[in-house]
Amino acid sequence: MEPTELSMLELGKKLASGELSSVEAVRACLARVDRLDGEVKAFLRVDREGALAQAEASDRRRKDGKRAGLLDGVPVGLKDLFLTEGLPTTAGSKILESFIAPYDGTVVKLLRAAGTPILGKLNMDEFAMGSSTENSAFFPTRNPWNLATSPGGSSGGSAAAVASRMAFGALGTDTGGSIRQPAALTGIVGLKPTYGRVSRFGVVAFASSLDQVGPMTRDVPDCAALLQTIAVHDPCDSTSAPAKAPDYFAELEAGVKGMKLGLPREYFELPGMDPEVRAAVEGATRALQKLGAELVPVSLPHTRFALATYYLIAPAEASSNLARYDGVRYGLRSGEGKNLLAMYGHTRDEGFGLEVKRRVMLGTYALSAGYYDAYYLKAQKVRTLIKKDFEDAFRTVDAVLSPTSPTPAFRIGEKVSDPLAMYLNDVFTLPCNLAGLPGMSVPCGFTRANLPIGLQILGRPWDEARVLRIGRAFEREHDFHRRTPPLGAA
Amino acid sequence: MSLTLEEVRHVAGLARLSLSAEEETLMRTQLSAILDAVDELSRVDTSAVEPTSHAAGDVSPWRTDDVRPSFPPEKALGNAPAKVGTSFAVPRIIE
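Each protein sequence line maps, in turn, to chains A and B.
FYI, in this note's numbering the residues of the first sequence are 1010 to 1499.
FYI, in this note's numbering the residues of the second sequence are -13 to 81.
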């Protein structure tokens, strides 16, 4: 068996027993990158020397009896918006093409402390704005299950790298579904933690009240292990939760017997949901019922307003966050423009792609004098109602189940010219960000065309342990997460 | 809701974006369509609802104001598109 077929925790065990070395694991990943990434195009940058040096250091630690933990020596990839000292961090944008971070962000520091070699930086929609990775300024990433289709986005490079076994796991970020939707479309596990669970320090910002870092892995135990590594309080992020994270393994295998799982009728009534997606997700809910959970219909009445709410709040925050790209301290500077103001304008016009400009414009408009109350403030009030919908539902149920994405992977080019059609990809994932909840996608089936389908599990704030436990209960009885894309079989 | 070209130019000015004429036309069409779509929020009664700006707790944490190491100038200037000595250089502001 190829080492790359192992999960992160399985590899960790083989490293601990001396059956494999971290250098061998990194070499196996790099060999797959060489063989497959010309087609998949998940990586923006592969750091061969860095990854091998970190693997050698990991092998030495184990030899000296100083193993750093379960994941010491297990190679991972990073979405290219995590600041990594000495490596480019582009956020998928031309404006940051030459940017070399002067420091490691907090989650990168935590990974280094855990001993995971970093294979490289993974492709993404520019500034995480998009649902297909087609908005990368460099190239689109392809879905390993069908190269004509998109892996979703914005963490599409992370998803494709994990699904095609080029990395054992990866980190992504999720502002409206950017971890969960690509996880669903590529047949892997992806978790967006509760807002505040993971530090955002040293992560390129998109929408600061919604952004959250999370793991993307092949199975639920790996997801728990990676979350455990990064769910640490950080004084450098004022929204980072001071409370210590619980042990995510304590009840991981405890099953769902007696749990009440909510089925939000507004999600299942959505017009435009793919019938195969609906059938697979309904099948998954019945499987959880068989395992002892009680299925309870719930109502989240403001669901239909979540898309509009999100597409005002996220662009408004983005327009403010992206004001820093002005050609002065880092990044691209345009040679056009004789004075400072003209230099700003040309730099930003040349450096940003169309979707980013669209959202900066929309956000600036929604925040501008005369429109603030009608758009931004209104959206923040509806956000309160969406949050309250979940609070009401969680009084009667322990978690909520839905499809992750209304459709399986779509063809590259199919939706990119129609922003509103593209935004519909996020209809099931973004209410969770607005409410700040933890949400996970786990593989729950395949279409007749052999494209993966994801089940979304939403939990109460800080209840990641239960979300993982539900996902694990389902995963243990099924083999969807073990299937390998046809590409990987070669 | 249909934006005028003047409104598009005004917003682009606020956003410090020197859009091309084609981009201005495209933005006008697409932003108008998006504003139409988000207009459904006006149907929600929010007269008695407080806004939510953050999903995190309401309490801003405090930390002690300790002196910590910061970047040396050469590191802070490492990504500067243009610099003079230990400063970022920009086009002349005062004639």
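Check the hints yourself; a few may be wrong.
[As the list claims (entries may be wrong)] Under 8 Å between C-beta atoms, here's a sample of chain B residues computed to sit facing chain A:
no., residue
1, E10
2, T11
3, M13
4, T15
5, Q16
6, L17
7, S18
8, A19
9, I20
10, S39
11, A42
12, S46
13, R49
14, V76
[Stated by the list, open to error] Here are the simulated SDA-like pairs of lysine to any residue, each with C-alpha atoms no more than 25 Å apart in a straight line:
no., chain 1, residue 1, chain 2, residue 2
15, A, K1347, B, V76
16, A, K1072, A, G1059
17, B, K69, A, E1094
18, B, K61, A, R1121
19, A, K1397, B, L27
20, B, K61, A, K1072
21, A, K1075, A, R1121
22, A, K1023, A, E1262
23, A, K1396, B, P47
24, A, K1347, B, S6
25, A, K1397, B, A42
[Stated by the list, open to error] Covered stretches of chain B, going by a simulated chain A footprint (3 or more residues, C-beta under 8 Å):
no., segment
26, 30 to 37
27, 51 to 58
28, 66 to 74
Derived from the structure by calculation, the hints contain no laboratory data.
Every residue, glycine too, gets a C-beta built ideally from N, C-alpha and C.
The hints, checked one at a time:
no.: 1; hint: E10; in the structure: violated (10 Å)
no.: 2; hint: T11; in the structure: violated (13 Å)
no.: 3; hint: M13; in the structure: holds (6 Å)
no.: 4; hint: T15; in the structure: violated (11 Å)
no.: 5; hint: Q16; in the structure: holds (6 Å)
no.: 6; hint: L17; in the structure: holds (6 Å)
no.: 7; hint: S18; in the structure: violated (11 Å)
no.: 8; hint: A19; in the structure: holds (6 Å)
no.: 9; hint: I20; in the structure: holds (6 Å)
no.: 10; hint: S39; in the structure: holds (6 Å)
no.: 11; hint: A42; in the structure: holds (5 Å)
no.: 12; hint: S46; in the structure: holds (6 Å)
no.: 13; hint: R49; in the structure: holds (5 Å)
no.: 14; hint: V76; in the structure: holds (6 Å)
no.: 15; hint: K1347(A) / V76(B); in the structure: holds (10 Å)
no.: 16; hint: K1072(A) / G1059(A); in the structure: holds (20 Å)
no.: 17; hint: K69(B) / E1094(A); in the structure: holds (21 Å)
no.: 18; hint: K61(B) / R1121(A); in the structure: holds (21 Å)
no.: 19; hint: K1397(A) / L27(B); in the structure: holds (16 Å)
no.: 20; hint: K61(B) / K1072(A); in the structure: violated (36 Å)
no.: 21; hint: K1075(A) / R1121(A); in the structure: holds (14 Å)
no.: 22; hint: K1023(A) / E1262(A); in the structure: holds (22 Å)
no.: 23; hint: K1396(A) / P47(B); in the structure: holds (23 Å)
no.: 24; hint: K1347(A) / S6(B); in the structure: holds (17 Å)
no.: 25; hint: K1397(A) / A42(B); in the structure: holds (14 Å)
no.: 26; hint: 30 to 37; in the structure: holds (count 5)
no.: 27; hint: 51 to 58; in the structure: violated (count 1)
no.: 28; hint: 66 to 74; in the structure: holds (count 4)
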